[in-house]
Structure formats: C-alpha cells, structure tokens
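Q: Spelled out, the chains give:
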Amino acid sequence: MLPTNTRQLEYDESLESALARIDNLLRGNYGISKRTVGLLLLQGDAQMEKQLRAQEVSGYELIQEIVSQTRSSYSQPISYIIALRQQQEVKRILETVVSSKEKSAGVFAERLSRVMMNPLSGIPILFIVLYFGLYQFVGVFGAGTMVDLIESTVFGEWINPWVTNLLTTIIPWKVLQDLFVGEYGVITLGLSYAFAIILPIVTTFFIVFSIIEDSGYLPRLAMLIDRVFKGIGLNGRAVIPMVLGFGCDTMATIVTRTQETRRERVITTLLLALVIPCSAQLGVIFAILSGSALSLLIWGGVLVLVLLLVGYLAAQVIPGRRASFYMEVPPLRLPKISNVLTKTYTRLQWYFTEVLPFFILASVLLWLGELTGVFALVINVLEPLVRFMGLPEETSIAFLYGFFRRDFGAAGLYDLHSAGILSGIPLVVSAVTLTLFIPCVAQIMVMLKERGLRTALAISLFILPFAFFVGYILNLILTTLGVVL
Amino acid sequence: MELEEKAEEILETLWIRTEEKEEGAVALDDLGIKGKRPIDQLLKGDYISISGNWVRLTETGRPEAKNVVRRHRLAERLLADVLGTRDMLIHEKACKFEHLLDRGLDENICVLLGHPKVCPHGRSIPSGRCCQREQTQTSKVVAPLSQLTRGQKGRVAYIYTPESDKLQTLLSMGILPGTPVSLVQSFPSFVLQTHQTQFAVDKGIAEAIYVRLVAAETNN
Chain A
1 MLPTNTRQLE YDESLESALA RIDNLLRGNY GISKRTVGLL LLQGDAQMEK
51 QLRAQEVSGY ELIQEIVSQT RSSYSQPISY IIALRQQQEV KRILETVVSS
101 KEKSAGVFAE RLSRVMMNPL SGIPILFIVL YFGLYQFVGV FGAGTMVDLI
151 ESTVFGEWIN PWVTNLLTTI IPWKVLQDLF VGEYGVITLG LSYAFAIILP
201 IVTTFFIVFS IIEDSGYLPR LAMLIDRVFK GIGLNGRAVI PMVLGFGCDT
251 MATIVTRTQE TRRERVITTL LLALVIPCSA QLGVIFAILS GSALSLLIWG
301 GVLVLVLLLV GYLAAQVIPG RRASFYMEVP PLRLPKISNV LTKTYTRLQW
351 YFTEVLPFFI LASVLLWLGE LTGVFALVIN VLEPLVRFMG LPEETSIAFL
401 YGFFRRDFGA AGLYDLHSAG ILSGIPLVVS AVTLTLFIPC VAQIMVMLKE
451 RGLRTALAIS LFILPFAFFV GYILNLILTT LGVVL
Chain B
1001 MELEEKAEEI LETLWIRTEE KEEGAVALDD LGIKGKRPID QLLKGDYISI
1051 SGNWVRLTET GRPEAKNVVR RHRLAERLLA DVLGTRDMLI HEKACKFEHL
1101 LDRGLDENIC VLLGHPKVCP HGRSIPSGRC CQREQTQTSK VVAPLSQLTR
1151 GQKGRVAYIY TPESDKLQTL LSMGILPGTP VSLVQSFPSF VLQTHQTQFA
1201 VDKGIAEAIY VRLVAAETNN
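Heads up: the sequence lines are chains A and B, in that order.
Start counting the first sequence at 1; every next residue gets the next number (our numbering).
Start counting the second sequence at 1001; every next residue gets the next number (our numbering).
Source of the hints: derived by calculation from the structure; they are not laboratory data.
Hints should not be assumed to be uniformly reliable.
Calculated pairs, BS3-like style, for lysine-lysine (alpha carbon to alpha carbon, straight line, at most 30 Å) [what the hints assert, rightly or not]: (1) B:LYS1066 x B:LYS1006; (2) B:LYS1203 x A:LYS91; (3) B:LYS1006 x A:LYS230; (4) A:LYS230 x B:LYS1066.
Full structure from sequences and hints, please.
A: Right, dumping it as structure tokens:
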C-alpha cells in the first residue's frame, strides 16, 4: 500500500497536459495508475504499447497521436526529460536529509586500481594473473599434482581395481562388464575422468575465478581490453563470458545473455565454441605441453590469432548495431575466503549436476558404439583427416572422444602422450585442432537453446572443417620451417 | 548603429541565399518586406545595394550578415542543447533570441558551447574570432569529456548524442546535467568519476558528455 501522503512529481506543462489528455481517454484496466500508464507510453515502453493496443478500442489512435505529438515537440527523448526532472527532485530530497563527508580511505587501493588500468602496467599484471592463476594454480597444481594424486592413486590403485574385481565376479557376461569397467566403462572411464581429471581442474579454476571476480579486477580488465574487443565486434563487457569460458564454455554461453545486442551474443557464442578452451581442456593441454615452452607458446599464439581473425571476420559479416561500452568500476577489495568458497561450491554443484550425466551418457554411447562397430566406422572416416594433418592414427580416437566432451578428447591426448605415441609437432597440432574442434555435448545443447537451431548449426558447420584446416596449415608451416619441439 | 529585427532578418536571408546557396543576388520581392523602414536602415548603413529589382550585400554588409547568421544558429544550439527547447519552436525562439546576443555575448555562448560547428538543423555556424583563437589556445568552459585532460574536474553541462540508446545508457549511470564528474583516465578507454562511483566508458559515450569545467567556472 502506498502511504496516503504521497506527493506527485509534477512535470512541465506540455507533459502534464499530455498526461491529462491520455488519462481522460484510457478505459482499460492496467493494474497501475493511469498517470503511470501515460508516462510509460510517452517514454515509448514497448510492453505498455502492446497492452494499450489490446485494451483500448476507441481511444487507441487518439492516444497514439497525443504520444507522437508530444514526443516530436521535444528535441530529446521523453525518457531523458523525465529522468532530468526526477533527478532534480531526488537531489532536492537528498539535500534536505543527507550529509556526506569526503572519503579519504583506500589510497593504496586507488593507486593499485590506476596501475591495473594503465596499459603499461596493466598488461604485465594481466600476464602475472594468467601465469599464477591459470598456469601455476589450475595447470600445474590442479591438472598436475591433484590429478596425479586422484587419478593414479585414488582411482588407479584403490577404486578401479576394487570395482573391477567386484563386478567381474558379480556379472558373468563380458559385454556387461565392459559397460561398467571396460575400456569405455561408466566407472573406469566416465566417473574416473569426471572425478580424477575434471573435478580438481574445475575446482581450482572456480577458486581462481571467484577470487578475481570478488577483487573487482574484471571491470578493470574490461576497460583495458575494450578497444581490442571492439575490433572483433564485441565490447569490453564481453571479458566476463570470455574469462568464464576458460572455466566452462557451457556456463559462459549461458552468461552471454547479459550482452546487450544479438550480434554480440552470436559472436561471443562462436568464439567460445571455437577458440576458448575450458578449464578441463586447458588443464590437460597445459599438462601435455608443459614439457616445451615453445609448444605452449605456439599453441597460445595460434589461438590468439584465430580469435582475432575469426572475430574480425564475424564482425564484418554478422549484421547489427555496435554496442557501446560502459561498466561500473567498483573499488578494489580483498576477497573474503568464505565468499570465495561458497561461490566455488555453488558453481561446482551446478557443474556436476549439469555435466556428470553427460559423462555417463558419453561412456554408454562409446560402449555402444564400440559394441556395434559404429565407432570403428567413424574412426575410419577420421583417420585420413588425422593423417592429413600429419598426426598418428591413434589420435582419431581422441577426436572421437572430443565429440562427447572436449576435455574427454584432451584427456585422450594425455593418454597418447603418456604412452609416448604423441610428441613434437603432431602434439602441438593435435592440441590446437582439438581446442578449436567442436564443443562438448553440453555446450552444443546450450547453444541450441540460447541461439536457436539455425545459428547453432551454422556455428558447428563452420567450426568442424575450420579446426582441421587450421591444424593442416599449422602442420604445414611447422614442418616446412623444420621447427624442432 | 543598432539594426532593428526586420533589418537583421533581411541580412540573414541575403547571407543564406548569396553566400551559402551561391545565388548572385536576391530579388527584392523574394525578401517579403513590409514597409520601407528596414530597407532604408540597411541602405543608410551601406549594408546592401539595390540595382533594379536585385539586392546584394555590400562589403560592409557581409560581415554584419555573417554575424547575424552566427548569432541565430548559436542561439538555436543554446536553446536545443542547454535549455532543452522543443524542436518545432527552436527556429522561432532563436529568431527572437539572436537579437539579444549582441557582440561579446555571442562569443561567451560560443565558448560555453565549446565552439559548435553546426546548428541543430545541421547548417554550419560561421566561425567567430573566439573560434579562431580557440584553435591556438585550448581553454574551454564547456568541453566533451573525451577532450578533458586527466584529473580535470567539472559538472555535466549537457548531454548531446544523436543515438538515443547512448542517452539511455548515461541515464542509467546517473550522468545528468549538474552531476559532478572528473576524468580519471583516458587511455585505452575513458574512466570517469562521479560522486563515489567510477565508470569505464568508450570514446563514443565520453564524447556525448559535455562538461562545464570547474577551473573555468572560477575564472568567470
């Protein structure tokens, strides 16, 4: 209920006269005051306009005329005129009830903030954040130490042998045994990948992301990068989905909703699907390429190049308005541990409820495919493609995994690398191709839901040949130059 | 000599027709003059010459006419940008307003508006002495945020952008005439401070915010 002594905000004569005339003509029931209806109409509110069309019979055209007449009598949009008047009133009220002191706190934070936003110091800071946050913490600690511990010790020595033993004694049929504990078993492949490889990597990423998010670093990064992003049809605000994409592209694709224009949403979705590796994939790729700094550099360089090139071309091709960049820059704050942990926990919970079913489904499909011989067929199709890029045939299995989850694919490369089959140029080429390659099942589903069938299909059809094409070119260049990795 | 309103309007018409549309001369009938007084005044001051039915600006008349046009369009700019006057009334009101802007005052307004180049209808505003001076010394009273130097402070004088979504954006940021702003940084993007809040914006938005500078305020 409104208090009885509410005061009505008076606007200028011509607005008031328009409001009074609209008030007289309105017959429908809108659930809000006629004055508010009038104000919304004058400001060009699309929703109100729709309701008006539905509810007014005789007065509709007359009201429309009053609205357009009033609008044309102002040189600025009426929403601006109204906001000015409201601001004036707010200021009047505030002056009578609020007193404020100049704040002097946060000199260090302010100085640090400037340092972060100055390109000369901001770009080195970005690299420091990437190096320690992504490479050291997610890559070396998460994907290295933690994965080793959980995969080889917890699963390799304890869970897998125990479950295998148990199930082979319970289930007499080899085929069914394979469903759970075989090469593509739900437990030995699906669950052990999910918990041994993905869990530690994604957890470490979400910890880093929550810290970065809570510190207020992201808007400063957005400000630094806005000009570059304008070149690829985006604006600085897109750093949020992009950075989140390094954690989980599926989640990031959902976050594109916060972008202003459809054009930006499409471009971001495309770049997420094509270029941005998710943390699981990133962790595994860091792990297999960490032996050679040059390999890592080539991989990163190619991705940045593809990002800029495809982004630039997409910006030329995809129609729509260019959005302008504006973002509040909050003060820098030291993140609270409890908040970081809560956020990480919530994201992990979301991640696992969304993702775990896909892992199990993928295992079942792989088992079925193996059983029916469908996969042998697909691998036969992939093999020439893979050879074309100068890769050993075994990598086609990793690409097949990649259809189900990109990280599955990367983990497949990890196995090949450990087995000593993949190294040198082919390793870099396959890492690049797999990063560019089709996104995981979950991401495709979200793309379908968020962007619609046509766009999702167009994006997928572009990515598939493009990934192999880049792999082919990269192999050609590296072998021609005789690069030793 | 103080010219009366009607005489100034004749000079204005002559300037537009002969200087902007590049017609040689204007027919007397086209000027739609009622009464002889304004013409007499102009002839007496040697502002125009009449041969037969054709009227031309003289050497003395040309700068005077240019000034009338300049004052008229500056007045339009002032009415539209600062006072928020309605479109269809601008021309009418500017006609009255221009006569109030005698020399000196029009320079003040020109400085205040940051030496605008075109009137709200898109016609060019003839430059005055102040505009030429401005090219060598850059101390403006009102300037777009994008032209401020780091650390400069002021209050938003007005917002001017042809794109209504930019206006909408600025409204949602609470950037309105009278809001105090200072420029924190200008590269690679603009960072502005208003009250206790900082915003990062791109060039397009920074160009739409016209700031009345604090240092200049104290000089006046």
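Q: Does each hint hold? Answer for all of them.
A: Hint check:
no.	hint	result
1	B:LYS1066 x B:LYS1006	holds, 16 Å
2	B:LYS1203 x A:LYS91	holds, 28 Å
3	B:LYS1006 x A:LYS230	violated, 53 Å
4	A:LYS230 x B:LYS1066	violated, 42 Å
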